Amino acid sequence: MIEINYQKCGYCGACVGVCEPMVLQLMENMVIVTNENKCKKCKACEVVCPLDAIKVKQ
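Using our numbering, you'd call the opening residue of the sequence shown number 1343 and step up by one each time.
Hints are not guaranteed to be accurate.
[Stated by the list, open to error] Computed list of lysine-lysine pairs in DSBU-like fashion (alpha-carbon distance at most 30 Å, straight line):
hint	residue 1	residue 2
1	K1397	K1350
2	K1380	K1350
3	K1383	K1397
4	K1397	K1385
5	K1383	K1399
No lab work stands behind these hints, which were simulated from the structure alone. Computed from a prediction, not measured in an experiment: that's the story for all the values here.
Construct the entire structure; sequences and hints are all you get.
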């Protein structure tokens, strides 16, 4: 499960850029999860987030 803390998120798109299966997208200044089933749970999005706003749970 991908959890985004929108109160922390700065909408920089860093997580979107590293998401290889393109599960995350930046739309209208908001990061959205498009198809969580495609998530590889690699946690690259979690690592790259400068504000610690995204968590990938098993």
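Status of the hints after comparison with the structure:
Distance restraint check for K1397 and K1350: the Cα-Cα separation of roughly 12 Å lies within the 30 Å cut-off, and the hinted pair is therefore satisfied. A hinted pair counts as satisfied when its Cα atoms are at most 30 Å apart, and K1380 with K1350 qualifies at roughly 24 Å. Taking the CA atoms of K1383 and K1397, the gap is near 10 Å; set against the 30 Å cutoff, the hint holds. For a cut-off of 30 Å, the pair hint linking K1397 to K1385 stands: about 8 Å separates their Cα positions.
A C-alpha spacing of about 8 Å is found between K1383 and K1399, which places the hinted pair at or below 30 Å, so the restraint holds.
Hint violations for this structure: none, all hints satisfied.
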